[in-house]
Structures are given as structure tokens and as C-alpha cells.
Amino acid sequence: MRRVVLSALLLAATPAFANSNLPPAPLANTQLSNPAQEAKAQALMVTLRCLVCQGQSIADSDAEMAGDMRALVRERIRAGEQPAAIRDWLVARYGDYVTYDPPFRLLTAPLWIAPLVLIGFGVWFARGSFRRRRG
Amino acid sequence: MTAEAGLAALWFAATLAAMQLALAALGVRRLLAAQEGRGLTADLLGAVRPIAIVQGALAAVAMALLIAVFVRSDMSVLLVAENSHSEKPLLYKFAGAWGNHEGSMLLWVTILGLAGGAVAIFERTLPRVTLIATLGAQAAIALGFYAFLLFVSNPFARIDPAPLDGQGLNPLLQDPGLAFHPPTLYIGYVGISVAFSFAVGALIARDVGPAFARAMRPWVLGAWIFLTLGITAGSYWAYYELGWGGWWFWDPVENASLMPWLAATALLHSVTVLATRDGLRAWTVMLAVVAFSMSMIGTFLVRSGILTSVHAFAVDPSRGTFILALLVLYIGGALALFAARIGTVRAGNTFDPVSREGALVANNLLLSVILGVVLIGTLYPIVAAGFGVQLSVGPPFFDKAAGPVALLLVVAMAAGPLLRWRRDDARVLVVRMAPPIAAFGVVLVAVLLLGGGVALLPLLGIALAAALAVASVAPLWGRNLLRVPLFTWGMVVAHLGIAVSLAGMASESAFTRATLVAARVGEPQRVGPYTVTLDGIAPTIGPNWSALEAHLSARRGSGTVIQLRPQSRFFTSPVTVTSESAIATVLDGQLYTVLGQADGQGRVQLRLWWKPFVTLIWLGGALVAIGGALSLIGRLRRERRARRRTGDEEAWA
Amino acid sequence: MRLWLPLAVFVAMLVIIAVALYRPADRTVYSAMVGKRLPDFTVPALLPGKPGLASVAFADGKPKLLNIFASWCVPCAAEAPQLMTLKAAGVPIEGVAIRDTPEAMHDFLARGGDPYVAIGDDKTSAVQLAIGSSGVPESFLIAGDGTILLQHVGDIRSDDVPAILAKLKASK
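Same order as they appear, the protein sequences are chains A, B and C. Here the numbering used here is used: the first sequence runs in plain steps of one and ends on residue 135. Here the numbering used here is used: the second sequence runs in plain steps of one and ends on residue 653. Here the numbering used here is used: the third sequence runs in plain steps of one and ends on residue 172.
Treat the hints as calculated values from the structure; they're not laboratory data. As the structure is a computational prediction, the values presented were derived from the model and not from experiment. One or more hints might be untrue.
[Unchecked claim] Think about it this way: if two alpha-carbon atoms lie no more than 30 Å apart in a straight line, the pair counts; the simulated BS3-like pairs of lysine-lysine are:
id : chain 1 : residue 1 : chain 2 : residue 2
1  : A       : K40       : C       : K123
2  : A       : K40       : B       : K400
3  : C       : K62       : C       : K167
4  : C       : K169      : C       : K62
5  : C       : K87       : C       : K36
6  : C       : K50       : C       : K172
Generate coordinates for the entire structure from the input sequences, incorporating the hints supplied.
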């Protein structure tokens, strides 16, 4: 069907067919009472990808699974776990796909080094524009 | 009949484009071979302009007919049946014509044709051979897209038997944003194609100099203004529509619109250097090619199905292949032409590293780096997936990789206008920069002391925004404001707009407060300085939807009470639930409220945000566009005055 | 010479994009836990007559099928016959119901048959997240020592059954 598909939000916004109709997990849509912990949780949630959406973080999605993932993150932060450890736990289960912050590995090294390479290359390229300074 | 007429108009336009290309090619070849500019050659060349004008008009007719078919809800046209519905409000029937792949492609081609026609009508200063080469390049581009439309994406295809009613327009698109955002963006993309055509024309005619730059500049400025407006509007639309308070997601389709903008920004700075100082020739031509390449790559990414995105059109890979072929043809051809010809163009003037040209080279460089980072970040997951590795690249990468470079660029933006052309002294520059540096220091300390724990990037962002704001008005100091040229005002306002926008982005990032809560009626909730109370939930109805509406009262200290009505809307065709946020804009920020689900225990989910100074983001964007417009008008007026003066002299001579 | 660099870069990019376009990426998110030990979990019973589920049940030496499903999931109803076939072939099937209610489950089992030894009640997708599952239905073949052998995403079709049985036999 060729129509503009903004279907992530359609899927996320509780369509009638693929939904349990049960209320979301307790911490899916409620903040932690400790603001510092909530800030840590929020900072982590915006970097985790919703697995059933089309390109959204779990912080920005209405999908049920995203809600469950938010609840998981908040519970663990409340229990004192470090955000990095939670992310690693999820990456161990879903691969690098689940994190929007690609870890620095051999495979992603070109990605992270790119800005420096580009700057270096650009400086070299631009040198020809300048006039030679005399003495 | 209307649809067939539209299709016929499209075929005629395509045929004319082919003629335009053929005649331009023949004519230019003869002129360059130093044959007489009379007789057959003159006839060939003389025909190109009118053909370009009629081609544009015919494409516009085709678009008008498509819109007519949508407005009439003619369900025998496949596109209407798939994307529209008779009960849709008129505005969305109209705008829905381009809210799909085929219709938006036709809009693209229409604007392309009209722009070509405008070049043919208004361009009088360029040497004939360059102009004809430009119109020929324009026809070549148009031809590729006409072929795409006619053979692979026919907007006027019929469906038999015609359904009783259509499948409706996606409710997320039923918003005034749809009427505004795509056309402005497309005018931007297409305007860049005109700049590309100029660059190709100049390369073919070996005429890369100030005259060519002066001819190209209004088109670059015009396209850039529309791109700025389109991106700003898109960002605001996403912000209030998607319901989570974000305004930029580094989504691949957003990046696809940002990359041409970055290239166009670099181009518009380069083209002024070329026009006034005859420098940066290779940069200017290259950037024109890159800008158009980016807009084509963007088109390709969005329509080929290669991307996963909230924004992507649902398409099949066969379309992707076609656009890929067009990409190879145009960009590969232009880059090959560049490599072959740019060496024979006489080198422009050179300059010292510490000079305004030097700052502009730094500007080009940094913008290109950001462009490269965004391009690599957007393509990386696709490339990795092709090799079997699944990974995601999102805001954390882009913020960390492009953010610092952007801040460096802000520094260059502050210093640039304060530098002299050709050669300047670094020490004198530092003295001139004293006020901006002081502003930076003061704001940095103030935020550190009063802000209460702000991350590094937003902190630098706010301080640099202050410095840039001071630096952008610096060129006005000590001058008679009434005698400052309009295009200088343009530069001041545009740079100020960037500073304002940056301040908004940093403030939103640093100071947003959120409250997510399951609220009961009558229970007050705090968010930022506001106390929000849920007064009740009531059903309500609209033209093609029904909704549950929450009545919220918000109050700040002892101020007046603000009423907010966020809704949860239910559409029937197609069946969807969307949430409409309710936003209250006050002087120092926005209160953003969203209604979620009820939990069956008398409570309902509420999402509340207090976003200080967030409106500055889009206000800044609007300022940037206004600055561009001032620049454009200023340049056009100056050129007209100059032409009149030389005209007078000729008359006297 | 460096003037030809932009064209070279463009061609390189094009090749990469073309490769990606013609080798369409599988958008399914697979679990990264395949080959690893099944993580510990315990979920209570959903229905009165059926026991709940704990991960220790998977380390008793006999390979089993772990089926993640729900009564509100349409493809789960479609795979019910295949699960009954597997049960008849002697495969122990343990179920974990995601966000389900006893009444709805009761109706679901009455319609499609009950192949499950146990059905765990997972109201917060905890088991799903723990084993790297991202939707329903998904089935995991667990070896006798608790290692995850294979993940089948989506409903089990009739032509998938022989492969599952073969893998099961190979692991014994």
C-alpha cells in the first residue's frame, strides 16, 4: 500500500490489533521519586532503541514493550545499578541494535574517528586556497 | 478526464524538457566551437528560453489537475483512493495531493519546471552560452524526474472499479504542517538544483567567475531561505505533534533535509566571496554540486525503502533503483565534469589565513565536516546491515560527533564578520573580539553559579550563543544605521538568529523539567514553576474524529490560571489513535501537556513538561530566514541600481 | 590528481549503497543470547490448573521448547496446530504468556488446544527482555543443559516443524 507510513506512532499509539489492553508496568509511565535517579534513568532511556518501533527511543514511544523497557530501566536504577551496566545487559540480549550510542569497537571505529579524519582531510584540502606567506 | 489531462500535460512537459536539452546541447556546442552566433545557432538558442517557460507552465498544470482530482475526491484515481477520503477537511484534501510519494514527486518536478522557467525569464546578465548551458542542465535534471514519474510513479493511474471511498490520510499528517512543510522544503531542494545547473553550465562554458556567482547567488539565497523555513517548520511540527517534547531526533529523513541545508549554507557564503573577491572558485562550484547531491541522496534515502524511519515513504526498491540511476548520472557526471574542467579555470585570488576569506574557508570546512559526520552516521547502519551487522546510530553519536564541531563553527561565525578581507592581524582581531569574549565569560560563570548542574555541551552552547549574539551585531557599531546596506543587515540578523536558536536549544537541553504521573481529578501536580490540576475528562468531537479531552488548569505562583486541553483522538479511516498535545506559550518558555491512557482506577496518565526558552529555537530559525530575505533583497536592489547606473552611462556615451 | 577525489569518494559511497540496497537487511531483531545459557527467571502460574515456570526446569537434561506467546496475539492462534503437532511428537513445551489474563488465556486454549506443560504469567515482559525476545510469538529451543540452541521468530509454520524436530534430536 503506497501511502505515507508514519506507522511507528500508529503502532505505538495502541492500535486495536496487537495490544494486550493491560495497564502498563508500574514504572513505565511514572517517574522515580529521587530526581537524580530519574535524571539518570531518563538520560539512559533516550539512548535505548524501541525494538518494535520504526526508529524511536524507548523514552519517546507509546509501544507496550517500550513501556516495559522503561520500567526495567527505572527499577534497576532505583536498585542502584549503573546505567552503563543496564545498557550492557540489554546489549548482551539484543546486540548493538538496542543502543543508539554505538560502542567503540573495531566495527564502529570508522564511525567515531570520522570527524577527526574529516577535519584533517579538510585542512589539507584547504591549504591550497591560502597564499604563500613571504618570509 | 481530469486525470488524463494531467497525464497528458506531464507528457508534453517531458517532451519539451527533452527538446530543451537537445537544443541547448546543440547550441552550446556550436557556440563553444566558436561558430557564428547567428543563423541556425541563434535560432536554436533563441528557442531554449520559451521552451523552458512553457515546460514549467505545463508541469504546473499537471500539478493543478492532480490537486483538483484530490479536492473533488475522485476515487477512480488510484492515488486518491489510497490516500484520501471524502470526509477529510478541504485543507487536507488539497495538501494531501502531495502527502504521498507520487504527488510529492510531481510537486518536485513542478517547482523544478517553474524555477527553470523563472531563470529563463529573469536572467539577463549572464553571457548567453552560460545561460543556455544552465537551462540545458536544468532540462537534463527535469528529464530524469519526468521519466521517473511517467514510467515508475504515475500519479494519475486509474483504478477500476473505483472504490466507494478512500483509505484516508494518515491522521498524523492531518495538520496545517502538511500544507506548509513539504512545499517549502521542495522549493528549497529545487532551488538548489538551479544552483547546480548554474555550476554545471559554468563548468561547460568555462566561465567560473564573479558574473556567474552574481547570477547564481539569488537562487542559492532563495533556496536556502526556503530550506531554513522548511526545516524549522518541520521541527516545530514534529515537536507539537509527536507528543514527547522532542524537536530533533537525528532521524535519517531529518538528516536528509539537514545535509542539503549545511551544503547550501556553505555555498551561499562561498558564492559571495566569488562574487565580490573572485576567490574560492573551486569551493563554490564543488559546494553547488555537493548541495544538489545531498538533496538527491535525501530523495533517494527517503523513497527507496532502505531506511527505517517514522518519516519514510512506504515504497519499493524498484523506485530506489531508478533514483539511484539518476543519482549516478547527475552527480557522477557533475563530479567528472568538475575534475575535467576546474583545472582549466583560471585560479582565483588568494588570501592570508587570517582574513575574512580565511574565516569563510574555515566556515566551509567546518560545515563540510558536520555534513560528512551526519552523512556517515546516517548511512552507517545501512552499510552495516548490508554486511549482516545490526547496529543503531542515533542522537548520542550525532550530539557527540557534530556538536563540538558546530560550536567551533559558532566561534568562526563570531570572528568572521570582524575580520578584514584579504589580510588581517590576529592580535587586532582579538581586541575586536573583546566584547563577545567578555559576554562568553560572564554568561558561562552566571550559568555555572545559578544554573545548578548543567552538562558541558549545553553550557558551552549558552555561553557561545551570548558571545555570538554580541559578535553578530558588532559590525553595526559606530555606523550610521540608516546607511548600512540591507545585505549587511541580513548578515547581522541571520547570525543573530543562529545565536537565538542555539540559546533555545541549549536552554531546552539543560533546563527542561518533566513530570510523568498517573493523576486523579483534583490532585495538583508540579512541573517546573507550574502547578497543574486535572479538572476532568470530557468527550468531544471533530470533523472526522472523536476524542477524550482533559481539562487542565495550570498556574504559576499566584499568576493567572491557564487552561489546557490535551486530547486523545480516535480516527476511523484509517483506524488510529493519536494524542494531541496542548501547549501554553509564555514569555520565558512553554508548558507542554499530553494526555495518556486511563488506568482503570480513576487515574489517567499525564505527561507534563516545562521547557524554558524552547520557542527561541524556532524563533531563531525564523530570524535566520528573515536575514536571508534581507540579504536577497539587498543584493537584488544593489544589482538593479548598478545596472541602471551602467545603463545610464551607456546611454550618455 | 586530488580533483578526482570527490568523484572517487562518490563512487565508493554509491557502491556501498548499492550493496545495501540489493542485499536487503533483515529487519527482525534477533536475540543475542542464542548459544548462551538460559538466564535465571521465575514466573508465577497464570491459570489455576497449570504450574508456573522457572528457568531451573530447563536444566534437567531434556531439551524443551520455550514458547513466548499471548492470547491477544493473532499469529499465536495460527501456530497452535503446529505446537500441538510438536507436543504429539514428544516435545515438552513450556509457555510464557506476556501481559495476559486468566480468562482470555482460558478461551485461547479452549480454541486452539493446550500443548503446554506449564504457563508462566509475565505481566511486565521480564522474561522476554531477559532472553532477548522482542515480540510474540517467539520460540526458543533449549538444550538439556539449559543452553539456548535456536530462536524462531514469528509463528511456527508447518514447514518449520521438521527442522525443529531435527535440531531437537541432534541435541539429545
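Hints and how they fare:
1. A/K40 to C/K123: 25 Å, holds
2. A/K40 to B/K400: At roughly 18 Å apart (the allowed maximum being 30 Å), B/K400 and A/K40 satisfy the hint.
3. C/K62 to C/K167: Holds, because 13 Å separates the two Cα atoms, which is no more than 30 Å.
4. C/K169 to C/K62: 11 Å, holds
5. C/K87 to C/K36: 25 Å, holds
6. C/K50 to C/K172: 27 Å, holds
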